[in-house]
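Here is what each chain is made of, one letter per residue.
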Amino acid sequence: MGTYSTNEFRSGMKVMLDGEPCAILDNEFVKPGKGQAFNRVKLRNLNSGRVWERTFKSGESLEAADVMDHDMEYLYTDGEFWHFMEPNTFEQHQADSKAVGDNAKWLKEQDKVVVTLYNGAPLAVTPPNHVDLEIVDTDPGVKGDTANGGTKPATLSTGAVVKVPLFLSIGDVVRVDTRTGEYQGRSKES
Amino acid sequence: MTSSDWQPSASLSALQQRAELYRGIRDFFYHRQVSEVDVPSLSRAAVSDPHIDSISAQVSGETLFLQTSPEFFMKRLLAAGSGDIYSLNKAFRNGEAGRRHNPEFTMLEWYRLGWDDQQLMDEVAELVGACVALPSVERLSYRDIFQRELSLDPHTATVAELKQIAQQHSDIHWDDDDRDVWLDVLMTHAIEPRMGNGLVLVYDFPASQAALARTAIDSTGQVVARRFEAYVGGVELANGYWELCDGAEQAQRLQDDLVKRQAMNLPCYPTDQHLVSALHAGMPDCAGVAVGVDRLLMLVTGCSDIRELLAFPFERV
Numbered sequence: 001m002g003t004y005s006t007n008e009f010r011s012g013m014k015v016m017l018d019g020e021p022c023a024i025l026d027n028e029f030v031k032p033g034k035g036q037a038f039n040r041v042k043l044r045n046l047n048s049g050r051v052w053e054r055t056f057k058s059g060e061s062l063e064a065a066d067v068m069d070h071d072m073e074y075l076y077t078d079g080e081f082w083h084f085m086e087p088n089t090f091e092q093h094q095a096d097s098k099a100v101g102d103n104a105k106w107l108k109e110q111d112k113v114v115v116t117l118y119n120g121a122p123l124a125v126t127p128p129n130h131v132d133l134e135i136v137d138t139d140p141g142v143k144g145d146t147a148n149g150g151t152k153p154a155t156l157s158t159g160a161v162v163k164v165p166l167f168l169s170i171g172d173v174v175r176v177d178t179r180t181g182e183y184q185g186r187s188k189e190s
Numbered sequence: 001m002t003s004s005d006w007q008p009s010a011s012l013s014a015l016q017q018r019a020e021l022y023r024g025i026r027d028f029f030y031h032r033q034v035s036e037v038d039v040p041s042l043s044r045a046a047v048s049d050p051h052i053d054s055i056s057a058q059v060s061g062e063t064l065f066l067q068t069s070p071e072f073f074m075k076r077l078l079a080a081g082s083g084d085i086y087s088l089n090k091a092f093r094n095g096e097a098g099r100r101h102n103p104e105f106t107m108l109e110w111y112r113l114g115w116d117d118q119q120l121m122d123e124v125a126e127l128v129g130a131c132v133a134l135p136s137v138e139r140l141s142y143r144d145i146f147q148r149e150l151s152l153d154p155h156t157a158t159v160a161e162l163k164q165i166a167q168q169h170s171d172i173h174w175d176d177d178d179r180d181v182w183l184d185v186l187m188t189h190a191i192e193p194r195m196g197n198g199l200v201l202v203y204d205f206p207a208s209q210a211a212l213a214r215t216a217i218d219s220t221g222q223v224v225a226r227r228f229e230a231y232v233g234g235v236e237l238a239n240g241y242w243e244l245c246d247g248a249e250q251a252q253r254l255q256d257d258l259v260k261r262q263a264m265n266l267p268c269y270p271t272d273q274h275l276v277s278a279l280h281a282g283m284p285d286c287a288g289v290a291v292g293v294d295r296l297l298m299l300v301t302g303c304s305d306i307r308e309l310l311a312f313p314f315e316r317v
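Chains A and B, in that order, give the protein sequences.
Residue numbering for the first sequence follows the working numbering, beginning at 1 and increasing consecutively.
Residue numbering for the second sequence follows the working numbering, beginning at 1 and increasing consecutively.
There may be inaccurate statements among the hints.
[As the list claims (entries may be wrong)] Which chain A residues face chain B? A few, computed with CB under 7 Å, are given here: (1) P32; (2) K34; (3) G35; (4) Q36; (5) T55; (6) P153.
The hints are simulated quantities; they were obtained by calculation from the structure and are not laboratory data.
Quick reminder that beta carbons are idealized off the backbone N, C-alpha and C, glycines included.
Turn these sequences into a full structure, and let the hints guide you.
So this is what it looks like as structure tokens:
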């Protein structure tokens, strides 16, 4: 895969650190006018999600990680694995719960997602920033009840629970921001 | 590369603020009878400092070097009787790029005859204070700031002690037996972030970091370099010396740097023998300092990224 030197480090680059695939988040060049140059590098461990900050001497290098983002279509889950397909090659990949993590609650069949492959196997699944999901369960709205800021919990078709305005009811389709888990509005599709 | 990359990365108002800063600097020195000089960017000699890399250029079949500071040329002028002088011009350093670095940047450097580093620190405070309102001006020795922040004497601590404390402040997986490397880690990772927003002048550096400053013995009997650094908000703004005027010692330091470069597998370029000759001919006793003007402009504008203040940063040239 080759190596990258500290002066080539860019945000988003995937490298191996202590045997773990990592994404570079930030690379700061630090140098006293008359002294040793360093690079303070922030990296996210793509296995654990943990963020590291490590100091390198400028000019050190790290091995590139075989990590690639692929656009795929979410097919279905069999309870143990989540199945995805590359739309061009029809090649299918199965991701375990470690790779899918909390994002399982945003996966709707046939949605386009980003699957990150590490050495060819799914490492992480990123849903679209916004998904449209149907409300399958919620209390009937009570007029004038604003004690919770005028919201109530609603269970969506994927199992996610989000706060929605009181006037919504079962069967409505809502748009949710998957990065914050917040209700964005009623879907234009509903 | 995108189609908008032809455009400057600095706003037009940042370009104007730069122009005003230059005018302010030139006024400052005009009123103090310090004369501007314009020295070459290209030289047949390169800087010897192992931590600074020169950019070379092919000129009429010869390899020349873009200057990493105007220091050697200015010292030749001083030895020729120029009197107090300043230079406001470009300097070039290979491989330095980031939020606070650009491979070519603007350096203000000036020399005061008959002054020492302590007197020149006063003038640095006046210059910076004329550009930006300073909430405080603090002045302390390298030892004092290490003792205050880390309860450590930087002159007497062992390499093992320095390394252990450095590793508490940073995640480091390499080793080094050069104490100055660990002192640099501590200064940049532990001390600079705690300096606050005022001007901090740090003087009496370890003799091993003298660069081109003379060495002297401090009140505790420790040999120190009469070198200082100025910081604002933990950002290094200036580096100054009570200048080394001894030609023999200057020649020895250039030679020592070459030995270090060889040990570090770095290229060894020609050293400046004109500088040595000028010192032998007699350079007047003086103090000199270099200020990073882009950093000063960052302070004036409250900007945290040098690229927002450069008409065209390295990525767009």
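Any hints from earlier that this structure breaks? Give me their numbers in increasing order, please.
Going through the list in order, the structure violates hint 6 alone and respects the others.
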